[in-house]
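Colleague: Keeping their order, the protein sequence lines are chains A and B.
Under the working numbering, residues 1 to 318 are what the first sequence spells out, in order.
Under the working numbering, residues 1 to 443 are what the second sequence spells out, in order.
Heads up, some of the hints might be wrong.
Okay, derived cross-link-like pairs now, DSS-like style, lysine-lysine, Cα gap no bigger than 25 Å in a straight line [unchecked claim]: (1) B:K431 x A:K278; (2) A:K278 x B:K435; (3) A:K278 x B:K438; (4) B:K170 x B:K260; (5) B:K423 x B:K234; (6) B:K419 x A:K278.
Simulated restraints on C-beta separations [as the list claims (entries may be wrong)]: (7) B:D418 x A:T166: 23 to 31 Å; (8) B:P233 x A:F246: 41 to 49 Å; (9) A:L181 x B:G82: 38 to 46 Å; (10) B:D418 x A:L133: 56 to 64 Å; (11) B:D240 x A:F255: 33 to 41 Å; (12) A:M93 x B:D418: 48 to 56 Å; (13) A:W54 x B:K155: 57 to 65 Å; (14) B:P372 x A:L150: 48 to 56 Å; (15) B:K55 x A:L150: 45 to 53 Å; (16) A:A141 x B:N302: 39 to 47 Å; (17) A:F146 x B:G241: 46 to 54 Å; (18) B:K299 x A:L42: 53 to 61 Å; (19) A:T166 x B:E176: 36 to 44 Å.
To be clear about the criterion: a stretch of chain B counts as covered by chain A if any three or more of its residues have a C-beta under 8 Å from a C-beta of chain A, and this derived list gives those stretches [as the list claims (entries may be wrong)]: (20) 89-103; (21) 259-267; (22) 343-355.
Hints in this document: simulated from the structure, not taken from any laboratory.
The C-beta atom is built at its ideal place from N, Cα and C for all residues, glycine as well.
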Amino acid sequence: MLANKPFPPQGLESRASGRVAMRLRGLSDRTIAWLFILPTILLLLAINIFPLIWALRLSFTNFKSNMPSVPARFVGIDNYVDILTDEDIWYAMQVTARFVFWSVGLEVLLGFGLALLINRQFRGHSFWTTLILLPMMLSPAVVGNFWTFLLQPQTGLFNDIVSFFTGIPPGSFQMIGDVGLAPWTIVMVDTWMWTPYVMLICLAGLRSIPDYIYEAAEVDRATPWRQFWSITLPMTLPFLMLAVLFRGIENFKMFDMVNLLTSGGPGSVTETVSITLKRAAFEKWQTGYSSALAIILFVTVFGAANIYVKALNRVKQR
Amino acid sequence: MLRLTSARVMAAAILSLGLGIATGAHAQGKQLTLCWAAWDPANALVELSKDFTAKTGIKMKFEFVPWTSYADRFINELNSHGKLCDLIIGDSQWIGGAAVNGHYVKLNDFFAKNKISMDDFVPATVVGYSEWPKNTPNYWALPAMADAVGWTYRKDWFARPELRAEFKQKYHRELEPPTTLDELKQTAEFFQGRKIDGKTVYGAYIFTERGSEGITMGVTNALYNFGFEYEDPKKPYHLDGFVNSPGSIKGLEYYKALYKCCTAPGMTNAYMQEGLDAFKSGQVAMQMNWFAFFPGLYKDPNVGGDKIGFFVNPRETRQFTQLGGQGISVVSYSDHKEDALEYIKWFAQPDVQKKWWQLGGYSAAKSVVDAPDFPKSAPFAPAFLKSMAIVKDFWAEPAYAELLLDMQKRVHDYVVADKGSAKEALDLLVKDWDKVFKAEGKY
C-alpha cells in the first residue's frame, strides 16, 4: 500500500515524511519485526529483569529499606546461609509444601470429576457450568473476607451447617483458630475457589478427544471403565499436568487468601513462605535478607517448573 | 451597547478566572495533610481542627488508615520520603527510627522559640512519644494522644444480687472489679459460659492478634506485672534473665491460662475492633482495650452509661500497664513545614488541649489532667489517670518492627498455637532479639 501511494512532495514536512517512507521501504522483515517487539522487550527488561538483577545484588548486602541513610554492607552469602539454616524458614517451606500438595491434589481430582460430569449433555447444563465457575471469578480478597465471616465459630454459617449434619454444637469448634483445622481450612477454601479453573482446563482436554476414538472402542466392546483408562485419561493427561503446573506455581506463592483468612496463624501453622517473605521485606524491613529469600524461592519454582515442563513434553510426545 | 456588555462580561470572566486561580493557589499553599489511624479520636481531631482552620485560614486534610495497615502504610510513606503527610501522629515505637532516619523534624528549637515546655506534659508521654534517645531532651514530637491499656466491665452484671451472692459464696469476696491478675482470672472464670438474659456470655476479652502488634500489646500487661523486664537496667540490651526471667515465664503462662479459660470461641486473632464488637454485643463481662475507645463505649446505647465500668490493669507482684498513644510530628519531607509547626503551636495551647479532651481525645497536657475537676470529667478519667502513672512501653528502637514481629510470633506460637512451653517461647525471643541487637551493633 505504501508503495502504491507515494507522499506528494508538498513542502519540507512532506519531503521529510517521504524520506522516512523511503527508509522504511529499505528495512528487512526481520528488522521491522524487531522494531515491533523492541518496546515489549524494553518493558520486560525494565519491570522484570532489572528488578531481578537488583534483588540479586541486594541479597548479598545487609540493606534495610527503612534505613536508606545507612549504607548497605556487602555480607557475602550470609543471608543465604541464615535462610537455609533457619528452622522457621524450613517450617514455612513445609507448610507451603503441604498446602500445595493437598490443595492441588484435591483441585485436580474434583476438577477432573466435574469436567467429566459437565462434558455430558444434560438439562440445565449451562446453568450448572456457570454456577460452578462462579468462585474463580471472585477476587481472592473477597473470598478471604467472606470465608472469614462464614467460618466465625459463633456467627458463621459454616459451623451451623456442620452442626446440622453432625450434631456437634456450633460454638464448640473453630476452623480458622484451631491448630489442627486451620491448615485444612485454607486447603478447603483454595479448593473451593480454584477447582473450577482446573475443571475448565480438563474440559478443554476432554473436548479435544475425537468422538471416533470412542466409537471405535465401542465397536471393540470396550467397557466404559476401559475407555476411561485407555482413552480419556491418557489423552487428557497433558491438560491435567498443565493444570497441576499452573496451580502448583500459583499456590507455591499463595499470599492474599491465606493472609486474609489466618494471617499465617494460629501461631505459625499456616504461615506459607510468601507470608514469611512479606514480613521480612515489608514489616521487618530486612531488604537484603528478603531479597535472598525471594531469589531462593524464584530458583526453586523456576527449577521445579522446568523439570516439570520437560516431563510434560515427554507425556505429550507419547 | 452590546459590544460594551460583552466586553464587561469578558473582563468579569477573566477577572474571576484570575481570582479563581489566585484563590486556588492560595488554598493550595495553605493546606495541611495530617496522617493518623482511622479510629474514634481521629474524628474528634477533625472536629477540633476546624478551630485551627477558622483561626489561621489553613485548611486541614486528613489521611486516616485502619490500624491493621497503619504502620505499613505510613512507615512506607516515610521511608520513600513521600510528601503525603505534612503532620503525622505516629506510633510511640516509631520515634527511634523516625529520628535516626530523619523522617521527623527535630522540635527543640521550635519549642524553645515558642515557649512550649515539655514540663507541661505528663512525663510518661514525653518519654514515650517525644524523646529519642529516651530520657534525653531531644524532642521529635509533641504528645498528642495519651493512651494506655485499661479494662471495661459490665457494671450492671456485677451489680446483680444473685450473681453477687453466688460469687461471694464461691470466692469469699465481693464481686467487684478485680485488683489483682488472679482476681481477674477468677472473675472471668465465674462469668465464662454463664447464661445472662438467656444468652451465653464469656469471661474476658484479651488481645490475640498475630499480624501487627495485638498479642504483644496484650501480653505485656501480664508480663510486666509478673516481673518481665526488657533488659538489664544496669546493662542495656542484655536480655537473658530479664526477658525470660521466672516472673516473665509466669506472666506468659498466666496470659495463656486466661486465654484458654475465659475467652469467647474464635478469638484467636483479635484486636481492638473485635474487643469492641464483643463488648458491645453483650458477649463478655470484661474487656481489655485502649482508653481511646472508652468515650465511645460509654456513649453506646446498649452497653454504655450505667452499664459500663472501668478499671486499671490489675496488679500482681507489681503494677504496670502497656503504654499506647502517639505524638504529633512534622514530616521533614513536607513542603509546608512552617504551617505544620503552626498547627503544633496551636495544638499545644492549654485551651485547645482542654477542648481536645472534651471532644473525646486524650490530652497529655498537665493543665488538663492535673486540673482538680479532671477525675470527675468522665467516668473513665480516674482509671486513665492511674494508668498513665504506671505505663511501660515496648522498645522504641529504630529496629522496633523486627523486635515486635519476633515477639508476636513467639507469643502467638505459645499462647494460641500451643507450641512449646512458656520458657521455650521466651528463650527463643531472647535469641531473636539478641540477633537483632547484634545486627544493630549493640554488642
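Colleague: Do the beta carbons of B:D418 and A:L133 sit within 56 to 64 Å of each other?
Modeller: About 40 Å separates the Cβ atoms of B:D418 and A:L133, which means 56 to 64 Å is violated.
Colleague: With a cut-off of 25 Å on the C-alpha distance, tell me whether B:K431 and A:K278 pass.
Modeller: Holds, because 22 Å separates the two Cα atoms, which is no more than 25 Å.
Colleague: Can the suggested window of 41 to 49 Å be confirmed for the beta-carbon pair B:P233 and A:F246?
Modeller: Between B:P233 and A:F246, where Cβ atoms are some 57 Å apart, the hint is violated.
Colleague: Holds or violated: A:K278 with B:K435, Cα cutoff 25 Å?
Modeller: Roughly 20 Å separates the two Cα atoms, so the pair holds.
Colleague: Between B:D418 and A:T166, is the Cβ distance one that fits in 23 to 31 Å?
Modeller: 24 Å, holds
Colleague: Would you say the stretch 259-267 of chain B counts as covered by chain A, given the rule of at least 3 residues with C-beta under 8 Å?
Modeller: Coverage by chain A holds here, the residue count being 4 at a Cβ distance below 8 Å.
Colleague: Taken at face value, is the distance from the CA of B:K234 to the CA of B:K423 at most 25 Å?
Modeller: 23 Å, holds
Colleague: Can the restraint linking B:K419 and A:K278 be considered satisfied, given a maximum Cα separation of 25 Å?
Modeller: 23 Å, holds
Colleague: Okay, B:P372 versus A:L150 on CB: inside 48 to 56 Å?
Modeller: Cβ of B:P372 to Cβ of A:L150: about 53 Å, so the range 48 to 56 Å holds.
Colleague: Mind taking a look at whether chain A covers the stretch 89-103 of chain B? Criterion is 3 or more residues with CB to CB distance under 8 Å.
Modeller: With 4 residues close enough to chain A, the hint holds.
Colleague: Does 36 to 44 Å hold as the CB distance between A:T166 and B:E176, or does it fail?
Modeller: 42 Å, holds
Colleague: In terms of beta carbon proximity below 8 Å, does the stretch 343-355 of chain B have 3 or more residues touching chain A?
Modeller: n = 0 at 8 Å, threshold three: violated.
When each numbered hint is compared with the structure, violations occur for hints 8, 10, 12, 16 and 22.
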